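J.: For reference, the chains in residue letters:
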Amino acid sequence: MNAWIAASAVLLVAGLGPALVVGSRGDGIARLVGLQLASPVAVFALMAFSVGVNQPSYLIVPLVLAVLNVVGTLVYTRLLGPRA
Amino acid sequence: MIRTVVSDALLSASLLIVVLSAVGALTMRTTFGRLHYVAPVTTVAGPLFGAAAAVRTGWGITAGLEILIVVIMALSGPVLEIATGRAEAQQQGVLTPESPS
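In order, the protein sequences belong to chains A and B.
The first sequence finishes on residue 84 if you use the working numbering, and the numbering steps up by one all the way, no holes.
The second sequence finishes on residue 101 if you use the working numbering, and the numbering steps up by one all the way, no holes.
In case anyone wonders, no lab produced these hints; they're calculated from the structure.
Just so you know, these numbers come straight off a predicted model, no measurement behind them.
Where a beta carbon is used, it is the ideal one built from N, C-alpha and C, also for glycine.
Do not take every clue at face value.
Covered, in the sense of this in silico footprint (three residues per stretch, anywhere, with C-beta under 8 Å from a C-beta of chain B), are these stretches of chain A [said to hold, decoys possible]:
1. 1 to 15
2. 18 to 26
3. 36 to 48
4. 58 to 71
Label pairs and their computed distance ranges (CB to CB) [what the hints assert, rightly or not]:
5. B:Ala9 / A:Gly28: 34 to 42 Å
6. B:Met1 / A:Val75: 40 to 48 Å
7. A:Asn54 / B:Glu98: 35 to 43 Å
8. A:Gly26 / B:Ile2: 22 to 30 Å
This is chain A alone, in the form it adopts within the complex:
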């Protein structure tokens, strides 16, 4: 196990774990904050795994997740906010 795979494991446990807890408490917008925290942590964990196993082609997954995170979160803010 090299440093990058260890970093991926740390991100999954100490980063994604609290994010999932935040995303499971409170009302809709409070849960959305948990999703906002979880998305970049997941992107970093996937990037660290890609670097750790020396497979650059795996980077397409965090790239797609980073782009979809923007659209998905904006849709949630639109749906969870009060209607005009």
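Using the hints, position chain B against chain A.
T.: Okay, now just chain B, sitting in the frame of chain A:
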């Protein structure tokens, strides 16, 4: 050798910021407080993480892709946090949906 040391130092700093932010967001009670802890993950830890990955892999198309990912995260993160904060403020009645700011 130096490349490994620099890469590991940047990676450690990035991980420290992510973990502290996650724990901080966990301890906050309000949505606005939690949002303040989410911001450093994309704006500070992200560029550090991308720099660590780029130093580790060396300059090339792979490093470019890694930098592209963290740039997307760094640019979109504050926008999403503002959108979420605005939705929360509207829900609390602090802002009206018609309010421009």
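J.: Take the hints in turn and mark each one as holding or not.
T.: Hint by hint, here is what the structure shows:
1. Counting residues of the segment 1 to 15 of chain A whose CB falls under 8 Å from any CB of chain B gives 7; the rule of at least 3 is met.
2. Residues of the segment 18 to 26 of chain A with a Cβ under 8 Å from some Cβ of chain B number 5, which satisfies the need for three, so the listed coverage holds.
3. By the rule of at least three residues with a Cβ nearer than 8 Å to a Cβ of chain B, the coverage given for the segment 36 to 48 of chain A holds, with 8 such residues.
4. With 7 residues having a beta carbon nearer than 8 Å to a beta carbon of chain B, the segment 58 to 71 of chain A meets the requirement of three or more and the stated coverage holds.
5. With their beta carbons about 39 Å apart, alanine 9 of chain B and glycine 28 of chain A fall inside the hinted range of 34 to 42 Å.
6. Evaluation of the 40 to 48 Å hint for methionine 1 of chain B and valine 75 of chain A yields a pass: the beta carbon distance comes to about 47 Å.
7. Hint check: asparagine 54 of chain A to glutamate 98 of chain B, Cβ distance near 53 Å, so the stated range 35 to 43 Å is violated.
8. About 46 Å separates the C-beta atoms of glycine 26 of chain A and isoleucine 2 of chain B, a value inconsistent with the hinted range of 22 to 30 Å.
The structure shown violates the earlier hints numbered 7, 8.
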